[in-house]
Structures are given as structure tokens and as C-alpha cells.
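2 protein chains.
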Amino acid sequence: MDIAILLYDELTALDAIGPYEVLKLIPNSRVRFVGKTSGPKKMNGSALTLIADETLFDVQEPDILLIPGGPGATAIMKDAEILGWIRDAHETSRWTTSVCTGSLILGVSGILMGKKATSHWMAMNSLKQFGSEPVNDRVVRDGKIVTSAGVSAGIDMALTLVGLECGEQTAKTIQLGIEYDPRPPFDCGSPEKASPSIVELLRSRANK
Amino acid sequence: MDIAILLYDELTALDAIGPYEVLKLIPNSRVRFVGKTSGPKKMNGSALTLIADETLFDVQEPDILLIPGGPGATAIMKDAEILGWIRDAHETSRWTTSVCTGSLILGVSGILMGKKATSHWMAMNSLKQFGSEPVNDRVVRDGKIVTSAGVSAGIDMALTLVGLECGEQTAKTIQLGIEYDPRPPFDCGSPEKASPSIVELLRSRANK
Chain A
824 MDIAILLYDE
834 LTALDAIGPY
844 EVLKLIPNSR
854 VRFVGKTSGP
864 KKMNGSALTL
874 IADETLFDVQ
884 EPDILLIPGG
894 PGATAIMKDA
904 EILGWIRDAH
914 ETSRWTTSVC
924 TGSLILGVSG
934 ILMGKKATSH
944 WMAMNSLKQF
954 GSEPVNDRVV
964 RDGKIVTSAG
974 VSAGIDMALT
984 LVGLECGEQT
994 AKTIQLGIEY
1004 DPRPPFDCGS
1014 PEKASPSIVE
1024 LLRSRANK
Chain B
824 MDIAILLYDE
834 LTALDAIGPY
844 EVLKLIPNSR
854 VRFVGKTSGP
864 KKMNGSALTL
874 IADETLFDVQ
884 EPDILLIPGG
894 PGATAIMKDA
904 EILGWIRDAH
914 ETSRWTTSVC
924 TGSLILGVSG
934 ILMGKKATSH
944 WMAMNSLKQF
954 GSEPVNDRVV
964 RDGKIVTSAG
974 VSAGIDMALT
984 LVGLECGEQT
994 AKTIQLGIEY
1004 DPRPPFDCGS
1014 PEKASPSIVE
1024 LLRSRANK
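Protein chains in written order, with this note's numbering: chain A, 824 to 1031; chain B, 824 to 1031.
To be clear, the hints were calculated from the coordinates, so they are not data collected in a lab. You may find that some hints are simply not true.
Each pair may be met inside one copy or between any two copies, as identical chains are not told apart.
In silico lysine-lysine, DSBU-like type, Cα no more than 35 Å apart, as pairs [said to hold, decoys possible]: (1) Lys1016 <-> Lys967; (2) Lys951 <-> Lys939; (3) Lys1031 <-> Lys939; (4) Lys859 <-> Lys1016; (5) Lys1031 <-> Lys1016; (6) Lys967 <-> Lys865; (7) Lys859 <-> Lys967; (8) Lys865 <-> Lys951; (9) Lys865 <-> Lys901; (10) Lys967 <-> Lys951; (11) Lys939 <-> Lys1016.
Please model the entire structure based on the sequences and the hints provided.
Structure below.
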């Protein structure tokens, strides 16, 4: 099972590392971090650097393709080379997946046309411009495309995917291994549950 | 607010990146990734590399100290220089924290003596040898020491910490920003909830 995670500058690290920590535990799998160029990629928000070991050219037909999101997604959405690589990889992939605004990158590449998908709650409406049908859910599957909500949702997506690909027993073993029995200190992780003032604050910051 | 996350070879990336994604959003904060030496650190389990930008010498009095866990923790537990640095940093820290088997590193450094703490469920009993009182909870606070359970629990720990340090409003804003409204596909993320066969499987793998 060949798993490719796209890296680029200014992505949100947890979008990539949450699913990585799950998918790397698929038996007989190999996770590769892929960039347009190999080398260091600066993550969104501070002094964190992840390394892309492989280039687009090195990774041609991954079984699982994962596109994380983050502020840097905007630049990737204009990068014809990366978008072409995604379209090509999707042709032969078993699963094409995204976290957060990674779904907008899938969208602009054209592969969400007529498909149900999700994204970060603040980016949900943008899916429509790519002919996708936004679904307000944590993990959305349409055929072999599996998209997930913002940042932390990649963990739920990856465990769901392992369940689909390898069966429940394997997924449950991985879930217990990473002790994923979440207990958020507050019940405010979606805009429906949070106070309107916090929703508004985040929207206004995003529009700056 | 100066935040130091220790990096070392063979740590479990999500232990570090989960809390990072939360703590980096504390207003007026700076997260620094610290290693015994600066440079690339190979994560547990596949081709992922994180970069330590700073050395122990560079980071002397962080406000928040975070020690992640993973298979590489065993080597760190024998590293007198790192253990001394942790003891020194703890003297002046506002918060000293760990994820997963990071608490065993805190333990061997001596600072959990007489303190309540938690760890990955498979490592919980090891806390006793350091004079710590193991508490089977997701996040355990004893004074300024905040420890958390395995791997994914670092996200809950970091949000709890932000609530304590900056107030609920800031913590809730961060939680909604990373859309942390977890929905695990299975209810098996702790040994009490998982089937005994899966618990046994993981224990036997760990003892190999």
C-alpha cells in the first residue's frame, strides 16, 4: 500500500500528521511525503519544518493520495503542475483523500465535479464553485473520494479509511494504539456548537 | 509566552504536532522545536523528518515545556544532558507537560516524585518506579505539571492548558479554529472500551 501525502509551504501540519500517524500503521504500507520539489517545507504559523523526501515525478501511482490544507492551499490551487499530478494520481488511486481546505485543491483540479465533499467549516461554501456538493459532515465519502472537515478531522478520516480498506479490526487496533478516545475540554468544535461570537471572531480574522 | 517542544529521533510525531497546532495559537507566543543537537530528527515509523531549530543551550527558560513520547523515549531516559535540561527548565517553567511516554522522561528526570501523572495506557504502571502516582485519565494536572495519555491525547492536554493559562474564550476559539469536534469511527480508544483481544494484541507487540 503506497501512501502519498502532499507537502507544501504554509500547510497546517496537523492536517498531514494526524492521518499520517494512522495510515503509517496500515500493514505492509509505506508513507511518502511528496513535494513539487523535495526538501524542507515551512508549516503554517511558526518554526516547524517538514521534509518532502520525494518529488511529484518520484511518486506516480500512489494507492492512497492525501491532500492536506492550510493557508498555503491558495497557492497550490494555482499550480498547474501539482493539479495535473493530482488528476493523474486520482486516475489510478484506490482512495483520493483530503483534510480541511485540501478539498479545495481537489476541487480546482476538477475531480470533485458532481461529487459530495466537505472542508473546513469556513471554506465549505467554496466547494460549490468546483461543481461539488458540500456536505456538512466530519468525513464524507463519495466513491473512492474521502474528504474531511478542518484540521483535526483528518484523524477521523484516516481511521474511517483504514476501516474501509483493511477492515474494522485493523482500524480499531490502530485507534487503541494511538489511544484515540478524545475528550475535548469544551463542546465547541463545530460552528453549530460554538458561541456565535467565537464563530464571528474567526470569520472576521479569516477575511482580513 | 515561550514554548519549547523537545524533539528526538524515533518520537511519535502526533505527540508533538497535536499540541503544537493548539499552543502555537496562544496570542503572543512562540513555539520552538528543541533538540540535543539542532537539525533533522527521524520520526517513529516511516519517512517523516522534523527539524529541531534550536539546541538545549539555546532554550533555557521556556514558559511551557512539552515532552512528547514514542519509541525513542527509552534512549532519552538515559541521556543525562537532556534530563538535566528538563530539570532546569522545570525550575522556572509556568507549565511542564508531556504526551504519551513523555511522562516517563519527566519521571526519570525526578520531577514526578510524589506527583499524580498519566501516560500511554501500556506505560502507565512504569510511572510508579519514579515515585509518581499513576492516574488513569486523559489529562492529569498536578500543580504546574500536566501530563496526558497516549499520542492523540496531546490535543486535549494542550486545549486544557490554554484554558488554564489564557481562559476559556481563547481555548474555545482555538478549538473551533482547528474544528476539534472529534467523531472517532469506533468507540475503542481506551483499553476499557476496546475488545480484550485487541488490547492483548497491542501488549504482545509492545513486548516483542
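### Task
Provide an ascending list of the numbers of those earlier hints which the structure does not satisfy.
4
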